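**Student:** Go ahead and model the full structure; you've got the sequences and the hints to work with.
2 protein chains.
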Amino acid sequence: MATIKDIADRLGVAVSTVSKGLNGAPDISEELRQLVLDTAVEMGYRTKKMRKEEHKKLAILVENMEYEHEDDFGYDLILGFRQMAYRDNWAVNVVPVTPRLMSREKYNTYMLKHGYLGAFAMGFALKDNWMGQIAHTDIPTALLDNYVPLNQRVGYVGTDSGEGIEMAVRKLYDEGHRKIAFLNGSPNSWVSEQRQAAYINALKEVGLKPDSKLTAYGYYVADSARYHVPGMLKEGATAILCGNDLIASGVYEVCKSEGLKIPDDISVIGFDDLPIASELTPQLSTIRQDRTELGKCAYFTLNSLIHKVSISKTMLRPQFVERGSVGKSKR
Amino acid sequence: MATIKDIADRLGVAVSTVSKGLNGAPDISEELRQLVLDTAVEMGYRTKKMRKEEHKKLAILVENMEYEHEDDFGYDLILGFRQMAYRDNWAVNVVPVTPRLMSREKYNTYMLKHGYLGAFAMGFALKDNWMGQIAHTDIPTALLDNYVPLNQRVGYVGTDSGEGIEMAVRKLYDEGHRKIAFLNGSPNSWVSEQRQAAYINALKEVGLKPDSKLTAYGYYVADSARYHVPGMLKEGATAILCGNDLIASGVYEVCKSEGLKIPDDISVIGFDDLPIASELTPQLSTIRQDRTELGKCAYFTLNSLIHKVSISKTMLRPQFVERGSVGKSKR
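Here the protein sequences come in this chain order: A and B. Residues in the first sequence are numbered consecutively from 6, following the working numbering. Residues in the second sequence are numbered consecutively from 6, following the working numbering.
It is possible that some hints are incorrect.
Unchecked claim - Ranges between beta-carbon positions, derived for each pair:
#1 K218/A <-> D179/B: 45 to 53 Å
#2 E110/B <-> K10/A: 53 to 61 Å
#3 E110/B <-> P101/A: 52 to 60 Å
#4 Y152/A <-> D179/B: 22 to 30 Å
#5 Q39/B <-> A7/A: 15 to 23 Å
#6 D32/A <-> Q39/B: 18 to 26 Å
#7 K266/B <-> Q88/A: 53 to 61 Å
#8 G137/A <-> P287/B: 34 to 42 Å
#9 E240/A <-> H312/B: 42 to 50 Å
#10 E110/B <-> N193/A: 22 to 30 Å
#11 D270/B <-> D43/A: 46 to 54 Å
What the hints contain is simulated information worked out from the structure, not anything from laboratory work. Since we're looking at a predicted model, the values are computed, not measured. Just so it is clear, CB atoms sit at the ideal spot from N, CA and C, and this is done for glycine as well.
**Tutor:** Structural data, given as structure tokens:
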């Protein structure tokens with residue numbers, strides 16, 4: 006364990022100054038006192054009070070999301086978060102969360118029991134037990150793609166879906182498309198609701214009438230295309246906007262099996278710009294989310310919340326990446 | 006200009022320690038060095054090195070906003086921004102902007118000519134020449150309380166007015182108020198529009214009907230109260246929500262001159278939590294914006310934009326600070 010002398014040497018001040026800081030003496034500034042305490046904690050010096058506290062640990066809670074491989078959506082998010090967190094000497098654990106865990110244990114209890122001082126929660130659905138509890142938690146929590154009103158300890162991080170979908174719809178409209186379908190991600194999700202509203206809004210902006218037969222929820226899996234794309238084609242869709250690139254890869258399969266060429270017969274746009282987007286043939290035009298930066302922003306938000314700075318939203322702009330999957334409409 | 010001794014006294018450390026901090030000596034900690042630098046910046050001390058690195062320059066552009074004294078709205082914003090910017094060795098110039106300057110010179114031209122690599126723009130009105138140009142600029146720009154769609158180089162920083170106004174209106178409603186007036190800030194301002202919409206929305210949320218005779222624009226000056234408060238009182242207002250604390254101080258004057266006691270006869274709520282809020286009698290309940298943190302978030306946003314990370318929004322939550330200016334409605 007570090008001694009008071011170690012702390013004094015590290016900070017370049019007298020031992021007596023460190024003592025004053027640790028004991029809350031009135032003749033040093035509040036800022037210096039804080040620095041002495043911060044340094045003491047960092048160097049492993051522990052007063053009795055500190056000894057009761059756990060190690061400096063954060064959790065990345067993951068539900069409904071792949072993250073273990075480079076081409077998974079969550080991979081870069083975790084990487085960006087970790088890169089920033091390690092600079093401030095946080096240990097970061099990635100914790101897969103299941104409905105079973107959420108029903109067995111309350112959010113606050115879980116966090117306290119494991120000594121986590123804050124969490125970055127990714128992939129949670131609106132109806133999850135923990136989402137209801139996070140709305141009222143006093144544990145600093147940054148949420149990816151979920152928003153909670155009025156709670157000073159909870160912040161949102163995400164990409165502006167509205168702008169992304171507007172750019173995509175405008176691009177399709179400019180290429181002559183008038184029947185633009187949307188195969189969204191999972192229902193019961195805050196971000197899917199935002200995107201559904203953005204899609205309808207963007208259609209109205211260009212003067213098109215939303216048609217419920219041209220939209221469906223695809224649960225962020227490629228396979229969902231098989232169930233929804235044939236109906237959309239039957240309704241006359243000339244372009245399909247997708248909730249993510251995996252769904253788009255499924256749309257590719259279905260269209261090809263129906264003898265349609267991309268982009269000559271049908272245009273497809275993805276979301277996220279996962280590695281798969283540039284591996285498809287033709288390469289997929291998509292709405293890019295910068296996931297590494299989102300992870301960094303999540304850390305910035307969480308670290309602010311831990312320091313009692315109530316960031317409610319940190320939002321990144323998407324980019325529309327043009328590749329080869331959008332063509333002129335023939336109709 | 007502050008001396009090294011002033012900084013040492015303020016922090017409660019030796020003069021030699023401050024010297025080490027300013028000169029980057031290896032035998033004091035990075036954290037203490039940072040604290041010394043932050044304090045030096047705050048106290049207006051500048052090293053030779055700081056003076057030399059003026060080529061790496063950012064501008065804080067200020068219009069329609071007081072910032073020179075501790076009790077001005079802009080003061081802490083600039084302080085927070087500077088504290089963060091100096092850590093990355095930026096020189097920061099504060100530039101007062103006038104309509105004349107904006108009509109004489111284009112935004113991009115001004116920035117390039119003076120070698121600014123980015124700007125934090127505070128207090129701009131929607132119709133300002135430069136606002137129209139910033140919508141399409143490629144120079145990294147963080148806007149306080151102004152939002153520009155789709156531009157990858159421009160980000161918004163602000164406090165969630167909607168939540169602040171909702172908290173204030175709910176508080177007043179819970180105390181029995183049914184005629185809640187709103188003396189807003191300046192018209193032709195993005196944030197005033199947001200707050201006007203939030204006020205109307207909050208009234209509807211609690212089941213009250215908006216009444217146009219109970220709202221007016223007060224240009225963020227105390228004097229505006231003289232023109233608008235008598236009419237609001239005549240309409241039966243029992244509470245007045247104000248666009249900032251200065252307006253609230255004007256409302257205090259008018260109410261007192263009409264023989265009304267605060268909070269017995271009329272309730273008043275401010276916005277911002279400037280120092281004046283706690284100097285009024287009775288002390289003013291207000292919607293607090295953490296201006297130092299807003300300034301820090303502005304730097305975070307601008308620095309991200311400079312590094313090609315497109316943050317579109319960084320939003321802080323307000324706090325409702327209860328003091329002595331809200332009472333039960335007698336009607």
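**Student:** Hint numbers the structure violates, sorted upward?
**Tutor:** 10
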